[in-house]
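For the protein sequence lines, the chains are A and B, in the order given.
According to our numbering, the stretch in the first sequence is residues 2 to 133, in order.
According to our numbering, the stretch in the second sequence is residues 17 to 144, in order.
These are calculated hints, taken from the structure and not from any lab test.
Ideal placement from N, C-alpha and C gives every residue a C-beta, glycine not left out.
Errors might be hidden in some of the hints.
Stated by the list, open to error - Taking lysine-lysine and the DSSO-like style, the derived pairs with C-alpha atoms no more than 27 Å apart in a straight line are:
#1 A:K95 x B:K90
#2 A:K21 x B:K20
#3 A:K21 x A:K4
Stated by the list, open to error - For each label pair, taking beta carbons as the anchor points, the in silico distance ranges come out as:
#4 B:G60 x A:A38: 39 to 49 Å
#5 A:N96 x B:E24: 34 to 44 Å
#6 B:D47 x A:K67: 28 to 38 Å
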Amino acid sequence: MYKLDLLYYGGKVKIMAIVKVMPDGREKVLIEKFINALSDELQGKVLAFITKIGDNGFPRNREKMKKLGSYDLFELKIYTNPQIRIFCIPDFRKNELILIDGEFKASRKIRKSRLDSIQNIWNDFLKGNREE
Amino acid sequence: MAGKNLQERFLELVDKNKDSLEFKLEELLYDITEEIYKRMENLGMSQQDLARKLGVSSAYVSKILRGNENISLKTLLKVALALDLEVELYLKPLDKRSFRFKKREAFAWTNYKKVFEKHQGPGFSTAA
């Protein structure tokens, strides 16, 4: 089961994270796990990027945030070496950004299977919350 | 970390990183690229238009907008002038208070402004 939890609110955009709730009640936050595993250098960049969105609003610059084709997903693009992508779902009406997971961009295109699995997390979250 | 909620854990991590070179550099690059992009939008200028004005390739402009190009002051000034903007820089003492404290202060100010404006009108105007 998935739920949402507040990660950061800087005044403009509420940054939420998808949390996986295990059958034994333990919780796993994919995006937190991803950020925690980064080197200090990359962690600084990613945290600055996320807090900037929370403080200033969604980036207008399309080089920083882009919709992923036919998926519901958007990606935050952080140009580190290697580049980082954070998969997310923005709600422009409610000024909310839901972070799902992140990854290093290894090749030119993100693998379809990876995008499918992220989309499935989102679909499962929607399904679980519709049933409640 | 046990017992702390997600937001508390995140703010702790931000506090640990907020004065690092990478955090500060990303903040600066984010602000600069957003300002450039917003100005381009306002002027109805495409990346190709800006590239033409600067005499560079549009791939180079794209690199600047991504913020992965640590642009020189000279290049920043060239971009600003091409967009009819000026560059204003200032250096200030490092604010060593915690990120959480600064956020709380910013919220207090925003709320104060909201309440004041509700009674006095936008921009703290007291004019009739």
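Verdict for G60 (chain B), A38 (chain A) (Cβ pair) under range 39 to 49 Å: holds (42 Å)
Pairwise hint evaluation, K90 (chain B) against K95 (chain A), where the allowed Cα distance is 27 Å at most: violated (40 Å)
Please check whether N96 (chain A) and E24 (chain B) have a Cβ separation lying inside 34 to 44 Å. violated (22 Å)
Distance restraint between K21 (chain A) and K4 (chain A), which requires alpha-carbon spacing of 27 Å or less: Between K21 (chain A) and K4 (chain A) the Cα gap is close to 7 Å, so the pair holds against 27 Å.
Holds or violated: K21 (chain A) with K20 (chain B), Cα cutoff 27 Å? holds (17 Å)
Should the hint that D47 (chain B) and K67 (chain A) are 28 to 38 Å apart at their CB atoms be regarded as holding? violated (20 Å)
Checked against the numbered hints above, the structure breaks hints 1, 5 and 6 and satisfies the rest.
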